[in-house]
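Residue numbers (this note's numbering), protein chains in the order written: chain A, 35 to 290; chain B, 57 to 220.
In case anyone wonders, no lab produced these hints; they're calculated from the structure. The reader is advised that the hints may include incorrect statements.
[Unchecked claim] Residues of chain A clear of chain B, computed beta-carbon distances all greater than 12 Å:
no.	residue
1	T92
2	E101
3	A168
4	H178
5	T181
6	L204
7	E210
8	A216
9	R234
10	T249
11	L252
12	G261
[Stated by the list, open to error] DEER-style ranges, computed between Cβ atoms:
no.	chain 1	residue 1	chain 2	residue 2	range
13	A	T190	B	R124	53 to 59 Å
14	B	E65	A	R266	39 to 45 Å
15	B	G186	A	H285	51 to 57 Å
16	B	C210	A	A223	56 to 62 Å
17	A	H280	B	A155	28 to 34 Å
18	A	Q254	B	E135	56 to 62 Å
19	B	R124	A	E192	52 to 58 Å
20	A	W290	B	A169	25 to 31 Å
21	B	A169	A	V281	39 to 45 Å
22	A	P286	B	R184	37 to 43 Å
23	A	R266	B	P113	30 to 36 Å
24	B	L211	A	W257	51 to 57 Å
25	A	P286	B	S187	54 to 60 Å
Remember, predicted model here, so these are calculated numbers, not experimental data. Note that CB positions come from ideal geometry on N, CA and C, so glycine has one too.
Listed below, chain by chain, are the residues.
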Amino acid sequence: MSVAAAATEQTWVYALRLGDDALVLAQRLGEWSASAPELEEDMALSNIALDLLGQARTLLTRAGELEGAGRDEDALAYLRNEREFLNVLLVEQDNGDFAQTIVRQLLFSAYQHELYGALRASTDPVLAGVAGKAVKEVAYHRDHALTWTLRLGDGTDESRARMQRALERLWPYAGELFEADALTDRLAADGVAVDPAALRPAWEAFVLDALARATLTLPQDDWHPTGGRAGRHEEALGLLLAELQHVHRSHPGATW
Amino acid sequence: MVSVQERLERVQELVAAVPDPEIPVVTIEDLGILRDVAATYDGRIVVTLTPTYSGCPAIDPIRNDVERAVSDAGIADVEVRLQLAPAWTTDWLSQPGRAKLEAYGIAPPAPVAGSGCPIVDSTPRCPRCGSRDTRLLSRFGATPCQAQHACNDCLEPFDAFKSL
Numbered sequence: 035m036s037v038a039a040a041a042t043e044q045t046w047v048y049a050l051r052l053g054d055d056a057l058v059l060a061q062r063l064g065e066w067s068a069s070a071p072e073l074e075e076d077m078a079l080s081n082i083a084l085d086l087l088g089q090a091r092t093l094l095t096r097a098g099e100l101e102g103a104g105r106d107e108d109a110l111a112y113l114r115n116e117r118e119f120l121n122v123l124l125v126e127q128d129n130g131d132f133a134q135t136i137v138r139q140l141l142f143s144a145y146q147h148e149l150y151g152a153l154r155a156s157t158d159p160v161l162a163g164v165a166g167k168a169v170k171e172v173a174y175h176r177d178h179a180l181t182w183t184l185r186l187g188d189g190t191d192e193s194r195a196r197m198q199r200a201l202e203r204l205w206p207y208a209g210e211l212f213e214a215d216a217l218t219d220r221l222a223a224d225g226v227a228v229d230p231a232a233l234r235p236a237w238e239a240f241v242l243d244a245l246a247r248a249t250l251t252l253p254q255d256d257w258h259p260t261g262g263r264a265g266r267h268e269e270a271l272g273l274l275l276a277e278l279q280h281v282h283r284s285h286p287g288a289t290w
Numbered sequence: 057m058v059s060v061q062e063r064l065e066r067v068q069e070l071v072a073a074v075p076d077p078e079i080p081v082v083t084i085e086d087l088g089i090l091r092d093v094a095a096t097y098d099g100r101i102v103v104t105l106t107p108t109y110s111g112c113p114a115i116d117p118i119r120n121d122v123e124r125a126v127s128d129a130g131i132a133d134v135e136v137r138l139q140l141a142p143a144w145t146t147d148w149l150s151q152p153g154r155a156k157l158e159a160y161g162i163a164p165p166a167p168v169a170g171s172g173c174p175i176v177d178s179t180p181r182c183p184r185c186g187s188r189d190t191r192l193l194s195r196f197g198a199t200p201c202q203a204q205h206a207c208n209d210c211l212e213p214f215d216a217f218k219s220l
């Protein structure tokens, strides 16, 4: 394989990783439609999901083009199995209560904001184009999560306890966001990708400040579940994909 | 035989008048979604559109409306392209577009340029009574591009275009 062909092969996997993060979180947030604590939140979480879905569509389309095997966004979203999804474990975690959804949003949107900010300089024009649009959308997602983190964390005993519990539950999953591997090393050196580890300082500055202002306590940094980028997931993803994919798989080729 | 220049001008006129499907008082030109109408060397005409938000569902209907506006006028060989970069910004809304939005009951967006961050914390003027004493209800509204506010004077809730 030529050097250029190898780089293209890795870029499609990278686009797939980022696309899967956005797709899986969009699906999760969509579960709140019509059942959020208040009407404004139904709309907010659905709007955030819609932004993420739009990002996912462009990223998966790009992944399919670079792969060159004729798979479009639908083939990649609906016709892959669990082990072929490359999203981080954080985005597949259950919504839990509203506090758990907000903590997941805080951790992930702060990461995605740094990621897209840096990815605007990608040498891949589609990745750079998606990032340029998405960084502005994610600024709103992050602001939404921050507002709720402050309100619930520095709120009642009940809301604070729930936020702290959610933070204990989800904090370990944050480590995987910043894991570099041979693929990101290679693509970052080529200017295609962003080195995930390089995003951590800015992310930490934002998140730790938010948690401190919300009077929440940083959990012990002990175990780091990982494996999503290699297709090793928790049970939750299989159930999510079943709901996401079943109509498409039950009625192949159906259109309306 | 109609010249390429005449066809180009006719297409420009037709597509500039296509209304936004979600906020039909403004056109896609007013919103800055219509980026370019140009002729290629072989006489085809290319219409370039840019989506507002990544997931905005209006972009497919807009594309169809543009194609229909042109084909209904009997003009062939027109191609519609979508372009992501440079990313759409509310700074591209035209002055007439801003006035039409406000008359329709949607507060127009504050300018973003130079602020470095799309979130601009200005309090929009109430499009119903004109009061500056308004508050934010939610950063997310009925469409991806709108937020919900309320007026402290006339007490009516209203939508405002988010700065992006």
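Each hint tested on the structure:
Not every beta carbon of chain B lies more than 12 Å from that of T92(A), the smallest distance being close to 7 Å; the non-interface claim is violated. For E101(A), the non-interface assignment is confirmed: its Cβ lies about 20 Å from the closest Cβ of chain B, beyond the 12 Å cut-off. Its beta-carbon lying about 6 Å from the closest one in chain B, A168(A) breaks the requirement of being farther than 12 Å from that chain. Taking the minimum C-beta to C-beta distance to chain B, about 6 Å, the non-interface status of H178(A) is violated against the 12 Å cut.
With a least beta-carbon separation of about 8 Å from chain B, T181(A) fails to lie farther than 12 Å from that chain, contradicting its non-interface assignment. With a least beta-carbon separation of about 23 Å from chain B, L204(A) lies farther than 12 Å from that chain, consistent with its non-interface assignment. Every C-beta of chain B lies more than 12 Å from that of E210(A), the closest at about 24 Å, which supports listing it as non-interface. The claim that A216(A) lies off the interface holds: its Cβ sits roughly 29 Å from the closest Cβ of chain B, which is beyond the 12 Å cut-off.
Remark: the non-interface label on R234(A) is consistent with the geometry, its nearest Cβ contact in chain B lying 21 Å away (cut-off 12 Å). For T249(A), the requirement that its beta carbon stay farther than 12 Å from each beta carbon of chain B is met, with the minimum near 23 Å. No Cβ of chain B approaches the Cβ of L252(A) within 12 Å, the least distance being about 26 Å, so the stated non-interface status holds. G261(A), annotated as away from the interface, keeps every beta carbon of chain B farther than 12 Å; the closest lies near 28 Å.
One distance hint, 53 to 59 Å for the beta-carbon pair T190(A) and R124(B), holds here, with the actual separation near 54 Å. The hint said 39 to 45 Å for the Cβ distance between E65(B) and R266(A), and at roughly 59 Å that hint is violated. Range check, G186(B) to H285(A): Cβ separation about 53 Å, and the 51 to 57 Å hint holds. A C-beta distance of roughly 59 Å is found between C210(B) and A223(A), which places it inside the suggested range of 56 to 62 Å.
Between H280(A) and A155(B) the beta carbons are some 48 Å apart, a value that contradicts the proposed interval 28 to 34 Å. A C-beta distance of roughly 58 Å is found between Q254(A) and E135(B), which places it inside the suggested range of 56 to 62 Å. Take R124(B) and E192(A): their Cβ atoms lie about 54 Å apart, and the range 52 to 58 Å holds. Our hint of 25 to 31 Å for W290(A) and A169(B) is violated, since their Cβ atoms are close to 42 Å apart.
The hint said 39 to 45 Å for the Cβ distance between A169(B) and V281(A), and at roughly 44 Å that hint holds. About 51 Å separates the C-beta atoms of P286(A) and R184(B), a value inconsistent with the hinted range of 37 to 43 Å. In this structure, R266(A) and P113(B) meet the distance hint of 30 to 36 Å, their C-beta atoms being roughly 34 Å apart. Checked against the given bound of 51 to 57 Å, the beta carbons of L211(B) and W257(A), roughly 52 Å apart, stay inside it.
A hinted range of 54 to 60 Å for the beta carbons of P286(A) and S187(B) is consistent with their spacing of about 56 Å.
This entry does not satisfy hints 1, 3, 4, 5, 14, 17, 20 and 22, going by the numbered hints stated previously.
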